[in-house]
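Letter by letter, the chains look like this.
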Amino acid sequence: MKPLLDVRNLELGLRHGGQAHRILKGVSFQIMPGETYGLVGESGSGKSVTSLAIIGLLKKPLQTLGGEIFFEGRNLLALPRREMRSLRGNRIAMVFQEPMSALNPLQTVGRQIAEMYVQHQGRSWAQAEKMAVEALASVRVPTPERRVRDYPHQMSGGLRQRVMIAMALACDPALLIADEPTTALDVTVQAEVLKLIRELCAERGTAVLFISHDLGVIATMCQRVGVMYAGCLVEENATRDLFVSPQHEYTRGLLGALPKLGSRRLHGRQRLVDIDSFIADRSRLTETRFIAPRNSVSGEAG
Amino acid sequence: MDAPLLSVEDLHVRFPLSGSWFGRGRKMLHAVNGLSLDLAKGECLSIVGESGCGKSTTALSVMGLQEPSEGSILFRGKPFSGSQAPSRMERAMAAQMVFQDPYASLNPRQTVWHSLAQPLRLHNVTARSELSDRIERVMHSVGLTPEQAERYPHEFSGGQRQRIGIARALILQPEIVVLDEPVSALDVSIRAQIINLLLDLQEEFGLSYLMISHDLSVVEHMSDRVAVMFFGQIVETGPWSAIFSDPVHPYTRRLIATIPDPGAVLGLSRESVVEGPAQAPAGWIFADDGSSAPDVTVGPEPSELVEISPGHFVRLARS
Numbered sequence: 001m002k003p004l005l006d007v008r009n010l011e012l013g014l015r016h017g018g019q020a021h022r023i024l025k026g027v028s029f030q031i032m033p034g035e036t037y038g039l040v041g042e043s044g045s046g047k048s049v050t051s052l053a054i055i056g057l058l059k060k061p062l063q064t065l066g067g068e069i070f071f072e073g074r075n076l077l078a079l080p081r082r083e084m085r086s087l088r089g090n091r092i093a094m095v096f097q098e099p100m101s102a103l104n105p106l107q108t109v110g111r112q113i114a115e116m117y118v119q120h121q122g123r124s125w126a127q128a129e130k131m132a133v134e135a136l137a138s139v140r141v142p143t144p145e146r147r148v149r150d151y152p153h154q155m156s157g158g159l160r161q162r163v164m165i166a167m168a169l170a171c172d173p174a175l176l177i178a179d180e181p182t183t184a185l186d187v188t189v190q191a192e193v194l195k196l197i198r199e200l201c202a203e204r205g206t207a208v209l210f211i212s213h214d215l216g217v218i219a220t221m222c223q224r225v226g227v228m229y230a231g232c233l234v235e236e237n238a239t240r241d242l243f244v245s246p247q248h249e250y251t252r253g254l255l256g257a258l259p260k261l262g263s264r265r266l267h268g269r270q271r272l273v274d275i276d277s278f279i280a281d282r283s284r285l286t287e288t289r290f291i292a293p294r295n296s297v298s299g300e301a302g
Numbered sequence: 001m002d003a004p005l006l007s008v009e010d011l012h013v014r015f016p017l018s019g020s021w022f023g024r025g026r027k028m029l030h031a032v033n034g035l036s037l038d039l040a041k042g043e044c045l046s047i048v049g050e051s052g053c054g055k056s057t058t059a060l061s062v063m064g065l066q067e068p069s070e071g072s073i074l075f076r077g078k079p080f081s082g083s084q085a086p087s088r089m090e091r092a093m094a095a096q097m098v099f100q101d102p103y104a105s106l107n108p109r110q111t112v113w114h115s116l117a118q119p120l121r122l123h124n125v126t127a128r129s130e131l132s133d134r135i136e137r138v139m140h141s142v143g144l145t146p147e148q149a150e151r152y153p154h155e156f157s158g159g160q161r162q163r164i165g166i167a168r169a170l171i172l173q174p175e176i177v178v179l180d181e182p183v184s185a186l187d188v189s190i191r192a193q194i195i196n197l198l199l200d201l202q203e204e205f206g207l208s209y210l211m212i213s214h215d216l217s218v219v220e221h222m223s224d225r226v227a228v229m230f231f232g233q234i235v236e237t238g239p240w241s242a243i244f245s246d247p248v249h250p251y252t253r254r255l256i257a258t259i260p261d262p263g264a265v266l267g268l269s270r271e272s273v274v275e276g277p278a279q280a281p282a283g284w285i286f287a288d289d290g291s292s293a294p295d296v297t298v299g300p301e302p303s304e305l306v307e308i309s310p311g312h313f314v315r316l317a318r319s
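From first to last, the protein sequence lines are chains A and B.
So that you can map any letter, position 15 of the first sequence is 15 in this note's numbering, and since no number is skipped, the others follow by simple counting.
So that you can map any letter, position 23 of the second sequence is 23 in this note's numbering, and since no number is skipped, the others follow by simple counting.
To be clear, the hints were calculated from the coordinates, so they are not data collected in a lab.
Idealized CB from N, CA, C, for every residue including glycine.
Please note that the accuracy of each hint is not assured.
Said to hold, decoys possible - If you anchor each label on the Cβ, the simulated ranges turn out as follows:
| id | chain 1 | residue 1 | chain 2 | residue 2 | range |
| --- | --- | --- | --- | --- | --- |
| 1 | B | Asn196 | A | His21 | 30 to 38 Å |
| 2 | A | Asp241 | B | Pro281 | 42 to 50 Å |
| 3 | A | Pro142 | B | Asp10 | 30 to 38 Å |
| 4 | B | Thr126 | A | Phe278 | 37 to 45 Å |
| 5 | A | Asp241 | B | Gly276 | 26 to 34 Å |
| 6 | A | Asp241 | B | Glu150 | 42 to 50 Å |
Modelling step: build the complete structure from the supplied sequences, incorporating the hints.
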């Protein structure tokens with residue numbers, strides 16, 4: 001089976017005075033149709049810029065310096081802007097961390113969802129606004145016919161994120177990029193939003209690129225996980241294998257640094273791993289990579 | 001048992017809502033409704049709950065930054081709030097706070113040295129040698145070098161800034177440190193370092209922590225006792241082991257069940273403690289199961305905290 005998204009040796013960074021400074025140092029990964037793939041890493045590891053490069057929203061001075069991003073057989077980096085625009089929101093959609101800054105404060109949420117249908121499917125506004133009510137209902141917003149008339153500030157954080165998901169899934173994209181979609185939410189609301197993304201994407205067969213710094217959230221959501229460190233994908237494996245037997249030194253340090261629920265009950269309070277003393281030489285971390293061969297995990301999804 | 005270092009008794013905090021006409025028919029937002037807790041010397045008590053449950057308001061009341069509407073706060077048996085409250089200077093010696101975002105709580109135009117020296121000067125430590133000595137010691141204890149005190153807050157990384165936030169809280173050698181989401185703004189690896197540091201400092205100086213957090217895995221790791229808050233009330237409180245291995249209240253169980261913990265999700269750790277419906281002890285019902293948000297402008301239904309095992313209390317109503 002052919003991958004839906006094939007990122008090959010992606011390099012990006014900025015050029016200054018004839019010199020290239022690389023932020024991503026050759027990242028490669030593939031996402032199969034319907035698969036949920038997680039990118040996990042700390043701030044500055046390059047996970048968000050990777051997603052921005054895929055959806056074509058890199059801002060100057062950041063630029064791609066090399067590599068290819070194949071999506072449905074086409075190289076996104078070579079695509080004219082017009083075509084990228086018709087793809088964005090339509091075949092590839094994105095949910096951001098902060099719904100308040102991603103939504104337009106001056107338009108009702110119904111109007112903003114309807115715009116997706118007008119832009120990408122050529123519907124009339126009247127028709128599109130009816131479809132927006134259905135879209136809100138599909139993300140389980142109570143009384144959607146009233147809620148479409150709300151402005152973003154009238155909604156809670158959880159509801160706003162539901163609106164973002166409704167917008168993102170409006171045109172039935174093949175790939176949904178979710179960049180820390182629940183980081184700003186309370187735990188119980190987070191659980192609901194994660195469940196919603198999981199169920200809707202499974203129903204529609206949408207592949208998800210899920211970006212998070214939270215290993216627990218990644219474990220809940222993803223079938224395969226890539227661990228990023230300093231612009232490199234240092235380890236990639238099926239989720240369960242990654243957590244059970246992390247191979248790369250950095251992954252081991254990261255997992256040890258995490259307080260695990262129930263571990264104090266079983267083993268008493270153990271000192272958390274201090275990644276700086278655990279890893280002798282950070283500069284050599286990116287020299288080794290551990291990429292597990294793709295196994296049956298993605299097979300069942302396709 | 002020793003007398004508690006800090007005790008909060010029947011604390012109520014209410015805020016007026018707008019739209020009143022000269023106070024007539026004025027609606028009040030009930031942020032904290034009859035909260036009582038004790039903090040012993042050297043222990044870490046965590047208050048957990050979601051945004052808006054009143055945990056930060058409680059912390060601000062302890063710090064003297066929010067006047068209680070009713071109830072009292074006692075420090076070593078003496079009033080710590082109300083008309084007989086100690087002066088701000090004395091209060092500062094007793095309790096200090098570490099904030100979630102250290103950058104927002106440090107003056108960007110002062111070097112760290114000045115930020116640390118200022119509270120000492122206000123407390124009549126003015127000799128240059130003593131100032132330097134105490135700043136040096138506190139910098140060492142939070143894992144920074146004294147030379148770094150000459151820098152400005154923007155020159156530090158997030159983890160280092162939180163270390164400075166902790167140094168600032170410790171410089172007056174308080175007995176109580178209120179930790180308001182001390183690690184939630186930090187990356188996983190930095191978070192581990194700060195958690196380790198906080199536990200080391202607690203042991204070294206015999207500090208009492210009142211920690212506000214929504215991250216239950218951090219709470220389980222750090223706390224001696226836990227209080228779960230829901231809309232201004234404690235719904236369950238007890239030793240950390242009781243709360244995490246035998247949660248009774250439906251809200252506590254729901255909170256624990258929703259934590260995305262890798263071990264639980266992948267079925268690597270022992271089976272979940274929160275399977276099956278919550279059971280109230282015979283003769284009692286749960287006054288509020290925490291499944292829906294109550295009206296915050298009226299007080300809660302009558303209920304009481306019932307001790308179901310030593311030190312483990314659950315909010316129940318008579319059936």
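Going down the list of hints, with the structure as the test:
1. B:Asn196 to A:His21: 30 to 38 Å: 34 Å, holds
2. A:Asp241 to B:Pro281: 42 to 50 Å: 44 Å, holds
3. A:Pro142 to B:Asp10: 30 to 38 Å: Cβ of proline 142 (chain A) to Cβ of aspartate 10 (chain B): about 36 Å, so the range 30 to 38 Å holds.
4. B:Thr126 to A:Phe278: 37 to 45 Å: This hint holds: roughly 43 Å between Cβ atoms.
5. A:Asp241 to B:Gly276: 26 to 34 Å: Holds - the Cβ-Cβ distance for aspartate 241 (chain A) and glycine 276 (chain B), about 31 Å, lies within 26 to 34 Å.
6. A:Asp241 to B:Glu150: 42 to 50 Å: 48 Å, holds
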